[in-house]
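Build the full structure now, drawing on both the sequences and the hints.
Protein chains in written order, with our numbering: chain A, 1 to 265; chain B, 1001 to 1265; chain C, 2001 to 2265.
Read the hints as simulated data drawn from the structure, not as lab findings. Treat the hints with caution; some may be incorrect.
Residues from chain B that keep clear of chain C, each with C-beta distances beyond 10 Å, as calculated [what the hints assert, rightly or not]:
| id | residue |
| --- | --- |
| 1 | Thr1003 |
| 2 | Cys1024 |
| 3 | Pro1052 |
| 4 | Ser1072 |
| 5 | Asp1111 |
| 6 | Ala1137 |
| 7 | His1166 |
| 8 | Thr1248 |
| 9 | Ser1254 |
One-sided and incomplete, this derived list gives chain C residues near chain B with beta-carbon spacing under 10 Å [stated by the list, open to error]:
| id | residue |
| --- | --- |
| 10 | Pro2011 |
| 11 | Ala2021 |
| 12 | Gly2023 |
| 13 | Arg2027 |
| 14 | Pro2065 |
| 15 | Arg2140 |
| 16 | Phe2155 |
| 17 | Glu2157 |
Simulated restraints on C-beta separations [stated by the list, open to error]:
| id | chain 1 | residue 1 | chain 2 | residue 2 | range |
| --- | --- | --- | --- | --- | --- |
| 18 | C | Arg2236 | B | Arg1037 | 25 to 31 Å |
| 19 | B | Arg1140 | A | His109 | 50 to 56 Å |
| 20 | A | Gly134 | C | Asp2110 | 37 to 43 Å |
Please read all numbers here as calculations on a predicted model, not as lab measurements. Glycine included, C-beta positions come from ideal geometry on N, C-alpha and C.
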Amino acid sequence: MITLASDFGSPYPAAMRGVIAGGCDARIVDITHEFPRQNVRTAAFWLRELLPYYPPAVHCAVVDPGVGTGRSALVVRAGEHALVGPDNGLLLPAARRLSDAVEVFEWTHDDPASTTFHGRDVFAPAAAAVHDAGVDAIERLDRAHPAEEHVDLAFPEPTIEEPNGHAIGEVLVVDGFGNAITNVPGGVCEGLFGESVAVNDERVPVERSYAVLDPGDRLLTVGSHGNVELAVNQGRGEDAFGVTSGTTVRLEWSVDKKRNDEDSA
Amino acid sequence: MITLASDFGSPYPAAMRGVIAGGCDARIVDITHEFPRQNVRTAAFWLRELLPYYPPAVHCAVVDPGVGTGRSALVVRAGEHALVGPDNGLLLPAARRLSDAVEVFEWTHDDPASTTFHGRDVFAPAAAAVHDAGVDAIERLDRAHPAEEHVDLAFPEPTIEEPNGHAIGEVLVVDGFGNAITNVPGGVCEGLFGESVAVNDERVPVERSYAVLDPGDRLLTVGSHGNVELAVNQGRGEDAFGVTSGTTVRLEWSVDKKRNDEDSA
Amino acid sequence: MITLASDFGSPYPAAMRGVIAGGCDARIVDITHEFPRQNVRTAAFWLRELLPYYPPAVHCAVVDPGVGTGRSALVVRAGEHALVGPDNGLLLPAARRLSDAVEVFEWTHDDPASTTFHGRDVFAPAAAAVHDAGVDAIERLDRAHPAEEHVDLAFPEPTIEEPNGHAIGEVLVVDGFGNAITNVPGGVCEGLFGESVAVNDERVPVERSYAVLDPGDRLLTVGSHGNVELAVNQGRGEDAFGVTSGTTVRLEWSVDKKRNDEDSA
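Okay, here's the thing in C-alpha cells:
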C-alpha cells in the first residue's frame, strides 16, 4: 500500500497517482491533498495523528515550499512503515510516532523533469521504488544512503503544573470544523469533566462530547487525537475563542480532581 | 467492498480508511466526505439516491451530531447490503430504497478511544467486522443484536392533484450546482415539456435539459434522482428561485397534459 | 483501470463509481471532480497534461454543458488508452498527446435514465463496457461505430520570434495555486534563468523555482507541464499579474541567451 498526502488540492495529485499506478502494483490510498498550503508544521501534525491508523505502508507526503532548491529528498524507515518526502521536517513527527526505530535515508535522483513538481517527478517514483523493494530493503536501493543530517521538526511541549492547577500550552492546529487543537494532553481533563476551567481567563465547561451543550456553546474537550481542544457545539472554536495556530492557551482549574474522579467512578 | 460517507471533510476520513485497510481486505470506495456539516437529513437523502448504484457492499456512513452522547450505533441489513452508522435516521431511507427486507441491529461496543470520533473508533471497525463476517451473517457477530427501537427518518410526501393541475411539495436538498431538488416526482412533468408552469406564482419553462435555454435562464426539469428540480442553465437555481432546503414549492399548470403527450409521441 | 474526471464536485461522482464497480472489476482511480464547472477547455488542458502519466487505461471524463441535447457520446482510442466522454472536444487534446494513433468512435445508447446525468447513465456504463471488451476491441462492441465527424478542440499556438527577443502567447489555465499557465513552451526560458524579462511591459525575474525569491515576489518560471507560467512565491500569480484564462501575454527579452547558456554550463 502507498498512501498519498499533500497540499496540492486538485488536479495535480492525479499525476502522482498515475506515476505510482504505472510504476508498481501497490494499492493507492489518499490521506488528503487539502493540507493548508505550504504549511509544513500543520501537515506534520496530521501525518503524526493519522498514519498510525494504517497497516504497514509506504507513505508519500509532500508539502514542499522549498521545491526546486537544494533541499534533499528523504526516505524514512519507521518500523514496518516508510515515509517519502522532502527534507523539511514534515516526516519526522509521524515517523517517531510510528516506531521507536527511525532511520533516515537521503534519496538521490537525477535532474527531475520539473523544478516545481517533485511530488510527481521525485517522490512518487521513489515511493514506488521503495514499495517494490520492500521497506526492509531500503538500503539495498542504489539511490538510498543513510542521511548524515536532516531537518527535524518538533512540536512545543506544554507546561503542566497539576498542584498549582494550571497548564500552559499552545494551539497546534485548527481542524476543518474550527476545533483548536492544543498540545496539552487530554489527561489533564481527568477529574474535570462536568466542571469548568478558565481558558485564557474565561470560564468554560469541560465536557466529553459536544452535544451535551446547546448549539453555539463553547467547551473544552479531549479531541480524537488525545489532546485538549477548544470547541463550540456545531460551531467554530477557533472563532469563539479568538485563537489560531500558535496562540498560547492557559488553562486554570481550582478543582480537587482526585475527589471528582472518585465521585464519577 | 466498503463505502465511506461522512461530513468530515479533510483530513479525518483518512483515519477511517486506515482502520478499515488494517482491519480487513475490503476494497474501499469513498462516496463523499463533503456532506453538509451535521445535516443528517441531507446526507440521508444522498445516501438514498447514491447507494442503489452500488453492487452489494457494506456502507459506513457517519453524520453524527450526537457523537459521544447515549445514541446507539446501528448495523442495518438491506438485502445484500449492510449500512453502518449512528442511530439518528441517517441510514433508513437508503436501506428502504435498497431493499424491502430491512433489519436493524444495534451494535454494542466497548468505550471507544475517543468521545468525538466514532467514525474512526466505532463505525469503521464495525464495518470491517461486518464485511469480514458477511452481510448474511450479521446476527452471528457478538456485538450485533436486533434493535428493539431505533430513530427513523422519512421525507415529507408532496400533495399532487392532477385534475386541479397543481402539486405542493418542498425542496429536500440543494445540490452543489445550486439545483433545488424537490420531493415532487418527475412524473408530474409528463405532458408538460416545452410548456410552462407556475412555480410559486412565477411562470417557468419545463425542459428536459438545461442547455436548450440560454445561460442564466430558469427552468423546471427532472433531475437525475427522478424528482422535479428548480434549476438555472449554467447558474444556481437556489438563488434564482429564492429557495432553500425546506422551502415549500407550489407548481401549477393549466395544460391538457394528455393532449401534449399525444402530440409529442 | 478506469479513471474518472469531471466537474461534478460532490456527491454525484459516487454514482459513477458505483455503476463502474457494479459493471466491471476495473480498479477505479479518480483524476479529479473539481474541474471548473462547465469549462470544457480547462478540463481538456488538464486531461492532456495528466493522462500521459497513467499506464494504459480507460479514461472516463465528463464536462458536459450540452448534456441532454443532441450531442453524441464518444469513445476515443489513443494507442493503448481509451477515452470516454461527450462529443465537445474535451477528449481530443489528451488523445493526441497520448498517441499518434487516434481513432474516434461514436457510442450509441438507449434513452438514458436521466437527461441531466449522462456521467452515470451513459459514460460510466460505456467505460465499463470498453474496459471489459479491451481497448483493442472497441470496434467489436455493437454500440461503437467509427465517427463520421466529431467536435475538435485545439489550444492556440504562441508566436515566438527568438531573434527579435519576444514571444506572444496567452494564459491557457490558472491552476489551484493561482499560477497562470501560458501556451508558451518553457524552452524560451533557456538562457534566461537568473535574468529578467518583460511580461506585458513589466520586468520580472526568470527563475527555476519559487523559493529562490522572497514570499510575495513575482516570477516567470517553467511549470511542471513544461510551459511558461506567471507565478508568485507563496502567492497567486493570477492576481499579481492581473491575468486570467485567455489573457494575452507578451514576453520580451534583450539578453544574449546563447552567451548565458554558455555561462551557466
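- request: With 10 Å as the threshold, tell me whether Ser1072 (chain B) passes as away from chain C on beta-carbon distances.
  value: Check passes; 26 Å lies beyond 10 Å.
task: Against chain B, run the beta carbon of Gly2023 (chain C) and see if the smallest gap drops under 10 Å.
output: This interface hint holds because 9 Å falls under the 10 Å limit.
query: Could one say that the CB atoms of Arg2236 (chain C) and Arg1037 (chain B) fall in the range 25 to 31 Å?
result: 27 Å, holds
query: Does the nearest C-beta of chain B fall within a distance shorter than 10 Å of the C-beta of Pro2065 (chain C)?
result: 6 Å, holds
task: Would you assess whether Thr1003 (chain B), listed as outside the interface, keeps its beta-carbon beyond 10 Å of every beta-carbon in chain C?
output: Thr1003 (chain B) is in fact no farther than 10 Å from some Cβ atom of chain C, at 8 Å.
task: Beyond 10 Å from every chain C Cβ: check whether that's true for Ala1137 (chain B).
output: 22 Å, holds
query: When you take the CB atoms of Arg1140 (chain B) and His109 (chain A), is the distance between them in 50 to 56 Å?
result: 52 Å, holds
Check on Asp1111 (chain B) being off the interface with chain C, judged by Cβ distance over 10 Å: 32 Å, holds
field: Given as non-interface: His1166 (chain B), which should sit over 10 Å from chain C by C-beta
entry: Label holds. Min Cβ-Cβ 24 Å, cutoff 10 Å.
task: Tell me if Arg2140 (chain C) is really an interface residue toward chain B, meaning its C-beta lies closer than 10 Å to one of theirs.
output: Result: violated, 25 Å to nearest chain B Cβ.
query: So is Pro1052 (chain B) really clear of chain C, every C-beta pair being over 10 Å apart?
result: 8 Å, violated
task: Would you settle whether the hint for Ala2021 (chain C) is holds or violated, based on the nearest Cβ-Cβ distance to chain B being less than 10 Å?
output: Holds: closest Cβ of chain B sits about 6 Å from Ala2021 (chain C), inside 10 Å.
Against the hints set out earlier in the document, violations occur for numbers 1, 3, 15, 16, 17, 20.
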